[in-house]
Amino acid sequence: MAGETPPLLEIEDLHVNVDEKPILRGLSLTVRAGEMHAIMGPNGAGKSTLAHFLSGREGYTHVSGTVRFEGQDLLALAPEERARAGVFLAFQYPVEIPGISNHYFLRTALNTLRRARGEEELDAADFMKLVREKAKLVDLPDAMLKRAVNDGFSGGEKKRNEVLQMAILEPRLALLDETDSGLDIDALAMVSRGVNALRDAGRGFVVITHYDRLLSYLEPDFVHVLAAGRIVRSGGRELAQALEARGYGWLEGSP
Amino acid sequence: MSASSPQAHRAAAQARFDALGVPDRALEAWKYTSTRAISGTSWTPAVSDAASAGLSAGGVDGLDYDMAFANTALQGSAGRGRASLNADSVGGLVDLSLEHAGLWALNAARHEAVAQFDVEAGAVLPGALAVRWHIDASGEPTSAHPRTVLRVGANARVVLVEHLTSDGHAWQNAMTELELGPGASVHYVRLQSQSAASVSTSALFARIGRDASLVTHDLVCGASLSRAEVHVQLAEPGASCALNGLYVLDGTRHADLYTRVHHWAPHTSSEELYKGALRDASRGAFTGSIVMTPGVRGASTRQENPNLLLGDEAHVDTRPQLEIFHNDVKAYHGATIGRLDPAAVFYLRSRGLSPDAARRLLTAAFCNTVIDTLPLDALRTHTQAWLEATLSERAAS
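Chains A and B, in that order, give the protein sequences.
Residue numbers for the first sequence follow the working numbering, beginning at 6 and rising by one.
Residue numbers for the second sequence follow the working numbering, beginning at 2 and rising by one.
Watch out, some of these pointers could steer you wrong.
Ranges of calculated distance between the beta carbons of each label pair, as one might list FRET restraints [unchecked claim]:
id	chain 1	residue 1	chain 2	residue 2	range
1	B	G140	A	A129	41 to 51 Å
2	B	S49	A	A121	48 to 58 Å
3	B	D329	A	R198	48 to 58 Å
4	B	P343	A	R137	29 to 39 Å
5	B	R83	A	E138	39 to 49 Å
6	B	S49	A	R122	55 to 65 Å
Derived by calculation from the structure, the hints in this document are not laboratory data.
Heads up, the beta-carbon is just placed ideally off N, CA and C, and yes, glycines get one too.
Based on the provided sequences and hints, a complete structural model is requested.
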């Protein structure tokens with residue numbers, strides 16, 4: 006069945022260095038529309054590097070290999086072009102921007118994407134309706150839309166705000182970089198509810214996490230283990246459960 | 002010579018100016034700013050000429066001006082204030098014996114008109130008292146010396162807006178005096194929107210009584226050269242001030258914001274937040290001078306001067322000057338000179354904004370924290386629109 010839908014994201018034999026040090030060393034991964042892939046792995050395996058590199062952050066050297074997004078060369082695109090093409094990164098550490106309200110920021114971002122897609126911009130009233138509806142998904146109160154972007158937000162509020170952005174921008178491919186880190190159980194449930202509400206046949210997800218807990222809410226289609234810059238094992242939910250129970254040690258040296 | 006008549010005051014001030022001249026960089030208080038644009042220009046004094054009134058444009062929408070002066074002539078009525086020829090000064094605020102008092106002396110000698118407001122004890126004035134000073138200098142270089150005096154009685158609350166505008170090549174040398182009675186609360190806004198060729202020099206002098214509080218906003222939105230001074234005397238226990246400033250500069254514009262706060266009494270507090278965004282080869286300077294005299298127990302001061310350097314040739318000088326002669330006080334100052342945070346730029350780009358749009362938004366965000374505390378919706382809207390237009394001009398060019 007996996008072969009029936011066209012690939013959204015195709016990574017082939019990707020090598021990426023940071024400060025001349027190889028971090029990704031031959032990583033390959035294919036994500037099709039409708040699929041959710043979880044990537045787990047020990048610290049330093051290259052999980053966050055993968056997320057940052059795919060979103061176009063500076064500071065990473067592309068050594069070799071290809072990344073195609075809906076058939077086009079993703080690496081040839083600037084970060085904003087990737088966003089406009091439909092790639093979204095939920096940051097592990099969202100940036101605080103005092104002086105700009107969350108509401109204004111969300112509207113600016115959405116209208117930028119709509120313009121890029123040749124759609125009409127949303128006016129203030131229509132946007133307000135949309136944002137209220139989406140904010141309910143992650144239980145983000147109106148007051149937090151008026152506050153400055155992430156400014157003084159708790160860890161959980163920042164992550165919920167990332168998911169709210171994702172819900173409003175409706176990407177084709179969402180990369181979630183340790184969206185569960187620093188969340189208590191309630192926040193984790195809210196964030197997961199927001200993510201699950203966005204799942205549909207046209208959208209793909211790559212979820213980077215340390216813990217099976219998030220995956221118990223999200224129920225990904227595939228679980229991959231990233232170690233030393235490569236995917237060393239792939240499976241289903243049971244793989245995540247095995248990792249949770251046994252750690253990564255037993256995988257070492259596995260192909 | 003008797004010092005009692007207005008004529009005698011003017012003559013004495015003129016003599017003082019003749020002795021001092023226009024201040025220059027040899028003076029510590031002016032070390033960052035060349036005044037050649039003033040001393041090297043032959044200025045024609047503005048004359049009352051209602052026909053040249055250029056007041057139809059350039060006002061703040063939604064702000065009702067009590068008084069509007071075009072080339073020193075009052076247009077229409079004086080609203081809630083009164084216009085006069087000679088200043089009924091707040092005594093002892095302006096010390097012409099200082100070596101850097103040249104421009105103050107010149108204003109004292111030459112002021113063409115005075116906008117004066119007296120607010121009764123206990124009064125709470127709706128909206129804002131507002132004065133506009135406009136010079137039409139589209140002919141020859143023209144100078145004027147506006148003077149404003151506000152006296153506020155005990156426990157009264159008032160907002161005062163001074164809006165300085167010009168066309169052509171003008172020099173406005175404005176002086177303002179505020180006296181706050183016990184428990185009074187004043188928010189003062191000086192909006193400098195002169196034409197790009199103009200020069201602006203201004204000085205605010207304020208004395209704050211017991212438990213009274215002054216908030217100021219200095220907005221440098223125009224002029225090629227701008228010097229904006231604020232001198233505050235926290236004269237009695239419990240007096241406080243919060244001084245805010247914003248300078249957004251481009252091209253080769255130069256702005257010098259100079260503040261001096263004197264804590265004379267116990268439990269006085271001062272806060273300052275001056276922010277600068279400098280593009281191209283513009284220059285900014287900030288001085289935060291704080292004096293705490295012996296015996297001011299429980300006094301506190303906090304001063305911040307963050308600067309955003311956006312142009313490769315932009316430059317800013319910032320100096321805190323804390324002279325503290327008492328132990329039991331709290332004092333903080335912090336100045337930063339930095340560039341936009343690359344992580345923040347990337348965050349916005351990852352949401353689809355172009356690098357230019359990301360930088361504009363972050364610059365606006367930086368400035369907004371000063372604009373957000375302006376007292377009236379009309380002023381916030383006006384300043385935000387001005388900022389947006391200024392930042393997008395850049396994108397278009």
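Ascending list of hint numbers which this structure does not respect: 5
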